[in-house]
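Visitor: Each chain is listed here by its residues.
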Amino acid sequence: MMLGFNLVDGFAAALTPENIALALLGCLLGTLIGVLPGIGPITGVAILFPITLSLGLEDASTLILLASVYYGSQYGGSTTSILLNVPGEASSVVTTLDGYQMARQGRAGQALAIAAIGSFIAGTGSVIGLMAFGPPLSEVTTQFQSPEKFLVVVLAFATVSSLAGSNIFKGLLAVVFGIMLSTVGIDLQTGVPRYTFGELKLQEGMDFVVIAIGLFAVSEVLTLLEDTVRGENVVFQQAERIWVTFREFLFSLGAIVRGSAIGFFIGLLPGTGASVAGFMSYGLEKRLSDRDATFGSGDIRGVAAPESANNAAAGGSLVPLLTLGIPGSGTTAVMLGILISMGIRPGSGNVFAETPELIWTLIASMYIGNLMLLLLNFPLVKVFVKILEIPPWFLMPMILVISYIGVYSVNNSSLDITIMTIFGLLGFGLRKLGVPLAPILMGLILGDDLEQNFRRSLVASQGDYATFLDGWLNLALIGLSIVVLFLPQLLSRARGSNVKDEFADAGAEV
Amino acid sequence: MSTIDSGDGPGAAADDSGPAVTGDAASPGWSDRVLGLGCLALAIWYTAEARTFEGTAFASGPVGPKTLPTGIGLLFGALSLSLIVRPDPAPRWPRATASWQIGLVLVSSYLYGQILDSTGFIVASAMMTIILGLLFRAPPRLLVPLSVAFPTVLAYVFNNWLELRLPDGWWGGF
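Top to bottom, those sequences are chains A and B. For the first sequence, my numbering gives the first residue as 192, with consecutive numbering after it. For the second sequence, my numbering gives the first residue as 4, with consecutive numbering after it.
Just chain A, with the same shape it has in the complex (with noise of 0.2 angstroms):
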């Protein structure tokens, strides 16, 4: 039974004008960013977020309207993946396959109406189950001591460096990284300045909002400064306008119902965010009902299942993410990066007993961005198709500019804007070699909380490290890490498939 705040009174909260035109605005400039070449959701999340807190909006807002870009923009990255063959993010990757066939068939009206559809479908039930898990398994931090909050820390750098893709060192090196990066600074506790170079600037630590869009946004103008260079561009598809009949949806259905409950249940595993749910869905509708071998050619129970999937594990990983603090995808952690500079810290306490009104407000704010994009969606297709031929000259001095504006409102420093300017350079290297970018900005994020309950888990236990070891919790921990590190790997061998190398190809938003 519920006492308190809950999802009625979010919706109350959610449901006043001014929030209502934010998610209508997230929703609006999200699926422009997941549609923009050259702008991925973390990007956007990670620029707007600086320029959101200069509106002075109550912090409810300012996660309804950054929830509605996370959304709008997952929505925009699956229709240029139908359109362009180009998925905005790894989750949608797999919609490529049948949803540009469709496409390229002069269905594309189908393939963007039925992912809508789907989406919606499963985020209504992403959010009946994020009700039924989320308070129950947040109960449980509260039995969290300080060797407990260590090790979910632990866990959560497990999760991100395994979702990295073919290599799971370089996940790790990245995290590692990140854990760096985040001692740079005055120690809180003993006042020791570390690795600040006698620079007075960099005592207050590096801000996770400027190696973000140092780390995405200048990289990728960079990346795509160099495909210019190289000539390469593509050719992308029309949809005049988005519909699809009552008997395809009644086709689609039963590939929705299943994606999403699929794509539910995998989101809930930390390690295995979207772009699993994704794959292993159109896996399973593969096999399940592809009697006549029309999957790949063009299929839209193939273009349904794994949007329904991807959209239900987005919200499934919000049980993990709101109660133990662990992110599914690198968009969520920069969310979660977002949540922890409000003072909401998932994982070291239950968020649904001591900040409830934020928290069932941003999932009231979710589903009603769900809705929006429904609605949205239909009329304005032919405007989004419209934002895939700006050209790049146009686009790319545009998002630098606003980058500039997002890193220098975070401490008026144009150290700020050197450090950007390296970790850009760094981002567009990294990305070559194969390191994932995500797992850096989870280790800067969160290691100042693994240090913290390092020590004073040291602390209570005047230095005896088994208190690491200590009770049946903290071994399921351990445990729970390692199976998380590999979980993916073995997925994809058992299913001997290159889903790996298909993780590789999606890129560093992983």
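Note that these hints are calculated values from the structure, not bench results. Treat the hints with care, since some could be wrong.
With the Cβ distance kept under 7 angstroms, some of the chain B side facing chain A (calculated, not the full set) [said to hold, decoys possible]:
| hint | residue |
| --- | --- |
| 1 | 71 |
| 2 | 73 |
| 3 | 80 |
| 4 | 91 |
| 5 | 111 |
| 6 | 119 |
| 7 | 132 |
| 8 | 162 |
Quick caveat: nothing in here was measured; it's all calculated off a predicted structure. Even glycine gets a Cβ: it sits at the ideal position worked out from N, Cα and C.
Chain A is fixed; fit chain B onto it per the hints.
Guide: Below, chain B alone, put in the same frame as chain A:
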């Protein structure tokens, strides 16, 4: 989007079935080894530096400000060794033209931060827009008016409607 390095060369751009990291037969694993060596050097410096952090015994307890950085530095060193021992195939690096253009963007971006406070947001951003626009092959006739209009509009919006003041520079602003 477009974090995807799609295919090799023009025409193959819409085909993302190939791995993003393309093998280079002439130098297998060379890039990863350089990365590994760089990381190893960073790890050694980072760990050595960590050993110099001394907290007061009273404030730090059993673990001081050096314990975690030391452990992290050692782990980073071990991971960079794994790259040296087991490197992936090398990626395709930018050719000469792209390299100097990327270099130009980075240098301009650094200078942007240096001149921002003195020239102000509008002038610095207009210069950056022109440089980047030309690199992306903008038609100059459209680029120049755009590069003035766009930062001016942004500065007006941020300074007057939002709670963020962008640097005005020596000539003043809105």
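Visitor: Now, for every hint given, state plainly whether the structure supports it.
Guide: Comparing the hints with the structure gives:
This hint holds: residue 71 of chain B has a C-beta 5 angstroms from the nearest C-beta of chain A, less than the 7 angstroms allowed. For the restraint placing residue 73 of chain B at the interface with chain A, the shortest Cβ-Cβ distance is roughly 11 angstroms, beyond the 7 angstroms limit, so the hint is violated. Taking 7 angstroms as the C-beta cut-off, the interface hint given for residue 80 of chain B is violated, the closest approach to chain A being about 10 angstroms. Contact between residue 91 of chain B and chain A, as hinted, is supported at the beta carbon level, the nearest pair being about 6 angstroms apart and thus within 7 angstroms.
With its C-beta approaching chain A no nearer than about 9 angstroms, residue 111 of chain B sits outside the 7 angstroms limit, and its interface hint is violated. Taking 7 angstroms as the C-beta cut-off, the interface hint given for residue 119 of chain B holds, the closest approach to chain A being about 6 angstroms. Annotation: residue 132 of chain B was flagged as interfacial toward chain A, and the flag holds, the nearest CB pair being 4 angstroms apart, inside 7 angstroms. Taken as an interface hint, residue 162 of chain B does not check out: its beta carbon lies about 11 angstroms from the nearest beta carbon of chain A, beyond 7 angstroms.
Of the numbered hints given earlier, the model fails hints 2, 3, 5, 8; all others are met.
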